[in-house]
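2 protein chains.
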Amino acid sequence: MALEERVRELAEEVQPPDEGAVVRARERHLALTKPPGSLGRLEEIGARLAGMVGEVPPPVPENPAVVICAGDHGVLARGVSPWPQEVTAAMVGNFCAGGAAANAIARSVGARVSVLDVGVASELERHPLLRAAKKRAGTDDLSRGPAMGREDAARAVMSGAGIAGELIESGVDLLVPGDMGIANTTPAAALISAFTGRSPEETTGRGTGIDDETFELKVRVVDEALKLHEPDPSDPLGVLAALGGLEHAAIAGLILTSAVYGVPVVLDGVVSNSAALVARALAPDCVGYAIAGHLSVEPGAEAALEQLGLEPILDLRMRLGEGTGGLLAVPVVQAAARVLGEMATMKEMGIG
Amino acid sequence: MALEERVRELAEEVQPPDEGAVVRARERHLALTKPPGSLGRLEEIGARLAGMVGEVPPPVPENPAVVICAGDHGVLARGVSPWPQEVTAAMVGNFCAGGAAANAIARSVGARVSVLDVGVASELERHPLLRAAKKRAGTDDLSRGPAMGREDAARAVMSGAGIAGELIESGVDLLVPGDMGIANTTPAAALISAFTGRSPEETTGRGTGIDDETFELKVRVVDEALKLHEPDPSDPLGVLAALGGLEHAAIAGLILTSAVYGVPVVLDGVVSNSAALVARALAPDCVGYAIAGHLSVEPGAEAALEQLGLEPILDLRMRLGEGTGGLLAVPVVQAAARVLGEMATMKEMGIG
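Which chain is which? The protein sequence lines are A and B, in order.
First residue of the first sequence? That's 299 in this note's numbering, and the numbers climb one at a time after it.
First residue of the second sequence? That's 299 in this note's numbering, and the numbers climb one at a time after it.
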């Protein structure tokens, strides 16, 4: 129970964003040298940022970081993905070597990269960018039994919380959760169905690209898992243990910790979105610190974001994960802060 | 005729993008460490960039610039905007002082700012960021007669072409056209109707924010202008002279010159979009160098982008102009280039 208790304590620390700061930021927007509302959603992103950090104008988040949480999945044995499990480990090597899409995009937007091994099935070589936090070599097959124990789930949540806390303490002021794990859109779909009540047909997608036959199998596997576990959304750790992945759990922990610190989290695609539903079930106010970076083509992403009440910044028909879609939205979030902090007022310019 | 001849010569210099480079970039995307197509539209933006510069991978455009073209509009006398004409000049002062939204966003994405006075109604103080290219103090009322002469239109096109050429020669590798001009969404709507055949009801919007009565008047004014001039899309300079604004003309010139140099142009909202229709009518291949940065809430923007065959990167319900929406999309374009240039291949990583 010790680990579960720690997750509960973390969740209890989450406070809602500062609504007074949101209101003051909106008022400031009305005074700036532009017609009211003419920056559209950029204004609201800026106001939300002000609420997260409790300051108007909010400081520009100049030190973003992506944390790519990696794990493997027992459900791969059902054939839900054409990729072999070894690709998870190979891609961790690629992240460490700097050659993945997430690395290229992180460099482009000035974000640092960390990788969290929270359950990759094979042993990984040490690397300065890689944090080892593995207590089990992937999950079990969620369609035949629980994906993991409650303790495992709680430990993975605390692993994500731990790395998030350390990064924030070291100066990171915006976090993007990333994910890597062959077959991890299957647990994502199951989690989204569990928390939104949507059918597996509505939450299951083609992941990185599967044929019709594999897709039908994947929907069936998610359906079987839901029927087997009858998940209870009021017991988020139970849902996570039954249906989740270790990286989903770690991302939930990262989201909770960011909320505790008042640091914005820019969500990536369907795995992040499903983890945010877990985090929300643990601490509803944590959603106040989350920004939807993009809309994944996975249908579960749209279902999850709707439930979270978040509108994505980008919709570029991406479906890679790794944090790529979240990273791409970071400059928009930075610009939203800068507009509030650096624009002249109508009064200063003698207009209006 | 000398100036018209120069515009024609400029248009004739535009060559289509390098389709071979586009194909090679798409092939390279298939070899990178990600499932094919999983970066969605980011992949296509990268491939288009390769075609524009004729290199695979395309170099990352690290030196973007926004050129805010400013002019005034005789049609303001009809009451199509609640803002007084003096705001155009005041905002030019704001751009030079660094306090406008375009400045804040330009700093955020690392773009330099230039302002082109191509027809502001009042005399402007000199400033290092301000290029004076004014031959007339705004346009005439397009609903009562031609907005300007053909020579004026051609001269404004060449002003935009000139500043674009100088910036590119000085190292700028990506251009964002911006606009400032009270009432300039009225000529934008008229131009879009002229080039797309859409009715004024479909192309006219509320600009920076007008009430129902003003909106109805604005639609009527655009309708009157179209009936008065019966614009002929096969005579783009004639359409521009009859219905355009001086900043619309300058932006058309900027787009043409960028295309001649093989430099990408990231379009902003409805004024840029209408200017791109002019540029396209002069040199259809120039659209191959244009990227739609965002979708403005102005209905004409969607009509114009559809005609141009461009899909916007962002849709944040913005309607400010100044280049703000184009600037916000620059990091996505940079990331698209970086992904092609910096990702490892499957072969290098021993995957697949």
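Any given hint could be a false lead.
You can't tell identical chains apart in this list, so a pair holds if it fits in one copy or across any two.
[Claimed, not checked] Heads up, simulated SDA-like pairs for lysine to any residue below, C-alpha to C-alpha not over 20 angstroms straight-line:
(1) 645 <-> 395
(2) 525 <-> 510
(3) 525 <-> 467
(4) 645 <-> 604
(5) 525 <-> 646
(6) 433 <-> 642
(7) 645 <-> 394
(8) 525 <-> 321
Hints were generated in silico from the structure; no laboratory data involved.
Here is what the structure says about each hint:
For a Cα distance limit of 20 angstroms, the shortest separation of residue 645 from residue 395 across copies, 14 angstroms, qualifies, whereas the shortest one inside one copy, 52 angstroms, does not. With identical chains, the CA atoms of residue 525 and residue 510 are never at most 20 angstroms apart, being 23 angstroms at best within one copy and 54 angstroms at best between copies. In this assembly of identical chains, the alpha carbons of residue 525 and residue 467 never lie at most 20 angstroms apart, being 42 angstroms within a copy and 65 angstroms across copies at closest. Taking identical chains as interchangeable, the C-alpha atoms of residue 645 and residue 604 are never at most 20 angstroms apart, the minima being 39 angstroms within one chain and 39 angstroms between chains.
For the homomeric pair residue 525 and residue 646, neither the shortest alpha-carbon distance inside one copy (63 angstroms) nor that between copies (43 angstroms) is at most 20 angstroms. With identical chains, the CA atoms of residue 433 and residue 642 are never at most 20 angstroms apart, being 53 angstroms at best within one copy and 30 angstroms at best between copies. Taking the shortest alpha-carbon separations for residue 645 and residue 394, only the inter-copy value of 17 angstroms comes in at or below 20 angstroms, while the best intra-copy value is 51 angstroms. Taking the shortest Cα distances, residue 525 and residue 321 never come within 20 angstroms of each other, neither inside one copy (45 angstroms) nor across copies (47 angstroms).
Hint compliance for this structure: hints 2, 3, 4, 5, 6 and 8 are broken, all remaining hints hold.
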